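Top to bottom, those sequences are chains R and W.
Residues 1062 to 1401, numbered by our numbering, are exactly what the first sequence covers, in order.
Residues 1062 to 1401, numbered by our numbering, are exactly what the second sequence covers, in order.
Derived from the structure by calculation, the hints contain no laboratory data.
Just to be clear, a hint being listed does not mean it is correct.
No distinction is drawn between identical chains; accordingly, a pair holds when it is met within one copy or between any pair of copies.
Stated by the list, open to error - Below, simulated SDA-like cross-link-like pairs (lysine to any residue); rule was C-alpha separation at most 25 Å, straight line: (1) K1260 <-> E1072; (2) K1365 <-> R1263; (3) K1365 <-> R1213; (4) K1278 <-> L1095; (5) K1278 <-> D1165; (6) K1351 <-> G1313; (7) K1260 <-> M1393; (8) K1352 <-> F1073; (9) K1351 <-> D1314; (10) K1365 <-> H1214; (11) K1260 <-> L1275; (12) K1365 <-> E1212; (13) K1352 <-> G1313; (14) K1351 <-> R1185; (15) K1351 <-> D1241; (16) K1373 <-> R1390; (17) K1351 <-> N1238; (18) K1352 <-> V1239; (19) K1352 <-> Q1391; (20) K1351 <-> F1073; (21) K1351 <-> F1240; (22) K1373 <-> E1212; (23) K1352 <-> S1068; (24) K1278 <-> G1265; (25) K1365 <-> S1349; (26) K1352 <-> V1129; (27) K1352 <-> Q1137; (28) K1365 <-> D1206; (29) K1352 <-> N1238.
Values in this document were obtained by computation on a predicted structure and should not be read as measured data.
Number of protein chains: 2
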Amino acid sequence: MTAQDQSAYREFYRGRRVMITGGLGFIGSNLARLLVDLGADVLIIDSLIPEYGGNLFNISDIADRVRVNIADVRMQSTMGVLARGREVIFNLAGQVSHVDSMRDPYTDLEINCRAQLSILEACRMHCPGVRVVFAGTRQVYGRPDYLPVDERHLVRPADINGVNKAAGEYYHLLYNNVFDVRACSLRLTNVYGPRQLIKHNRQGFIGWFIRLALEDKEIEVFGDGQQIRDFVYVDDAADAFLRAGAADTCDGDVFNVGGCEPITHRDLTSMLVSEAGSGSVRFVDWPSDKKRIDIGSFYSDSSKFQRAVGWKPVVGLREGLRRTLAFYRQHMSHYVEPPS
Amino acid sequence: MTAQDQSAYREFYRGRRVMITGGLGFIGSNLARLLVDLGADVLIIDSLIPEYGGNLFNISDIADRVRVNIADVRMQSTMGVLARGREVIFNLAGQVSHVDSMRDPYTDLEINCRAQLSILEACRMHCPGVRVVFAGTRQVYGRPDYLPVDERHLVRPADINGVNKAAGEYYHLLYNNVFDVRACSLRLTNVYGPRQLIKHNRQGFIGWFIRLALEDKEIEVFGDGQQIRDFVYVDDAADAFLRAGAADTCDGDVFNVGGCEPITHRDLTSMLVSEAGSGSVRFVDWPSDKKRIDIGSFYSDSSKFQRAVGWKPVVGLREGLRRTLAFYRQHMSHYVEPPS
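So here's chain R without its partners, still in its complex pose (with noise of 0.2 Å):
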């Protein structure tokens, strides 16, 4: 691919009209803020629902360039009004812990089920020949057979909200191949960096490690730290967003977005210590509602979406970990809840 073909992606984004659902979330905001620099018309949807990861300050510095509105995707009749004129949609509102799906599976079908085939109603009737490009997730394939599991691994979720974010995927599809909403998913790998939620630990171990680590508090590891997994820096992930926004060939398929330096849990845990400067790491046994839905070692096989669309990581695990601890080093008050 040439310099320009590179480049194409991202002219493509000059005063286009796009809409991120979850847009003050962790990817959302960071995939804004990729948006207004490169010229789009951005608008942003977010519930701000408390327990998510929804944060007014992870859009403070492109507040004036992007328009926000409260909404919840949940509201078909909202999202009808909202999606209208929208060229390419970046459908990232989900409910995204596993361990609240299992205590409260209504939520999380409601969301990442129901929603999403209330999102893709509303493109159909008020927004036909949009765009939709929708987050997904490698939790869908559940424990793998094998690794690096690739597109062709079964469908087979250990969680109530890998079932949800399953079929909430499979109807982006349908609306691809059936109706006039072309659609596509990026089953994402675990994504950290800059702006994710850390005020509390249930969605996703990445984030709350990092905030332990400043905190220079003992980061707790499950089992014997061996089990494996791979890292998206967000700025990364952002990027195979705007490269599935801007391609047909994405239209109507999935596609493994994870990242390049598989790693343990041992290995993640000793390099975000030592890079912090401060924290620890304790290995303890499996709690049993963790343990019940985890799903051992896992990472992902993304040359299917590199022959796509030319997308690979660029930012290394160190480098990312050093950026992240860098911001929350800076913006610790904003994303962690004022003493009580």
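Position chain W relative to chain R; hints supplied.
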């Protein structure tokens, strides 16, 4: 497998407290008939929604040997009361029209996806140790990559009904793996036989074709009629449920339940008209709403289920059609709407 092994699963049901959701419907009522003959304590749950397949006539000959409770699986509290003390639940209640699911995706979602979660939550809370056999569908595979389709084929639904049935199935497997609910899914191919809904043509084509043949009308076959399907006679399908409900080997897994004689629509309708001695066949262009969700040829490989429990279909297609035609000839008035 010895003759003794072969009958052990039938002995299992003597005095067994079973529940059949959708038990007034097509497969459910035929299963109920087998179960009462085996000495089971049968509780039938059905909503009798007018457009769906439930029909009190379906159990008129065994009405004094079963308990019927009219209820909707969408009501979790009701399901919690009814599930209490049941040892095996045959979970067949569903919205089964692919075409309706595209017109009204929310109702399909409520019944095939959300209600399944309700049933499983009811089991988890009120009925630990129960075994649930879920009526899955080959529809979850969508348009197949290869034939015959086995369980290693990707789940890639081609219509809303397929998405929601896939999610409902995933919930069952998840509750098996994580909670104290044993569950498996039988992915049924096209089932036919006595007691199927034939009052409208939105629940599969085979019952409708049988009605048209009996009424000496024209059967419209879409396209050139070369699309292949496999068919399972309802007694064979009911036997599959009996075997799965009695077998530890099925827990947590999915199994295709397909027919032994894949056949083109052309040959099927020819055989049907010949056996009925009435009706005719006409080849017509695909209607657009059906073409959009058509999956081409499909037939399934059921050898995994055969290995697990010894099941195989025993009623051939011609014999099955004969029995079905004879049934409707005798009872047609109970299966068509009264003239308005």
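Against the structure, the hints:
1. When the C-alpha separation of K1260 and E1072 is checked against a cutoff of 25 Å, the pair qualifies neither within a copy, at 36 Å, nor between copies, at 57 Å.
2. Taking the closest pair of Cα atoms, K1365 and R1263 never come within 25 Å of each other, the shortest separation being 31 Å inside a single copy and 39 Å across copies.
3. Both within a single protomer and between protomers do K1365 and R1213 lie at most 25 Å apart by alpha-carbon distance, with minima of 11 Å and 21 Å respectively.
4. For the identical chains of this complex, K1278 and L1095 are neighbours neither inside a copy (33 Å) nor across copies (63 Å), given an alpha-carbon limit of 25 Å.
5. Taking identical chains as interchangeable, the C-alpha atoms of K1278 and D1165 are never at most 25 Å apart, the minima being 30 Å within one chain and 52 Å between chains.
6. Taking the shortest Cα distances, K1351 and G1313 sit within 25 Å of each other only across copies (19 Å), while inside one copy they are farther apart (33 Å).
7. In this assembly of identical chains, K1260 and M1393 lie within 25 Å of each other by CA distance solely inside one copy; the values are 10 Å within and 65 Å between copies.
8. Taking identical chains as interchangeable, the C-alpha atoms of K1352 and F1073 are never at most 25 Å apart, the minima being 44 Å within one chain and 34 Å between chains.
9. In this assembly of identical chains, the alpha carbons of K1351 and D1314 lie at most 25 Å apart only when taken from different copies (22 Å versus 31 Å within one copy).
10. Taking the shortest Cα distances, K1365 and H1214 sit within 25 Å of each other both inside one copy (13 Å) and across copies (19 Å).
11. Within a single copy, K1260 and L1275 get their C-alpha atoms as close as 13 Å, which meets the 25 Å cut-off; across copies the closest is 67 Å, which misses it.
12. Within a single copy, K1365 and E1212 get their C-alpha atoms as close as 8 Å, and across copies as close as 24 Å, so both meet the 25 Å cut-off.
13. Taking CA atoms no more than 25 Å apart as the test, K1352 paired with G1313 passes between copies only; the shortest distance there is 17 Å, against 34 Å inside one copy.
14. Proximity of K1351 and R1185 under a CA criterion of 25 Å is satisfied inter-copy only: 18 Å between copies versus 39 Å inside one chain copy.
15. Taking CA atoms no more than 25 Å apart as the test, K1351 paired with D1241 passes between copies only; the shortest distance there is 16 Å, against 40 Å inside one copy.
16. Proximity of K1373 to R1390 under the C-alpha cut-off of 25 Å is found in neither arrangement, the shortest distances being 28 Å within a copy and 65 Å between copies.
17. Within a single copy, K1351 and N1238 get their C-alpha atoms only as close as 37 Å, which misses the 25 Å cut-off; across copies the closest is 13 Å, which meets it.
18. Taking CA atoms no more than 25 Å apart as the test, K1352 paired with V1239 passes between copies only; the shortest distance there is 9 Å, against 39 Å inside one copy.
19. In this assembly of identical chains, K1352 and Q1391 lie within 25 Å of each other by CA distance neither inside one copy nor across copies; the values are 35 Å within and 57 Å between.
20. Taking identical chains as interchangeable, the C-alpha atoms of K1351 and F1073 are never at most 25 Å apart, the minima being 43 Å within one chain and 36 Å between chains.
21. Proximity of K1351 and F1240 under a CA criterion of 25 Å is satisfied inter-copy only: 13 Å between copies versus 39 Å inside one chain copy.
22. Taking CA atoms no more than 25 Å apart as the test, K1373 paired with E1212 passes inside one copy only; the shortest distance there is 16 Å, against 33 Å between copies.
23. Taking the closest pair of Cα atoms, K1352 and S1068 never come within 25 Å of each other, the shortest separation being 44 Å inside a single copy and 39 Å across copies.
24. Taking the closest pair of Cα atoms, K1278 and G1265 come within 25 Å of each other only inside a single copy of the chain (18 Å); across copies the shortest separation is 61 Å, beyond that limit.
25. In this assembly of identical chains, K1365 and S1349 lie within 25 Å of each other by CA distance neither inside one copy nor across copies; the values are 36 Å within and 32 Å between.
26. For the identical chains of this complex, K1352 and V1129 are neighbours neither inside a copy (39 Å) nor across copies (41 Å), given an alpha-carbon limit of 25 Å.
27. Taking the shortest alpha-carbon separations for K1352 and Q1137, neither the intra-copy value of 36 Å nor the inter-copy value of 27 Å comes in at or below 25 Å.
28. Taking the shortest alpha-carbon separations for K1365 and D1206, both the intra-copy value of 19 Å and the inter-copy value of 18 Å come in at or below 25 Å.
29. In this homomeric assembly, K1352 and N1238 come within 25 Å of each other (Cα to Cα) only across copies, at 11 Å, whereas the closest approach inside a single copy is 38 Å.
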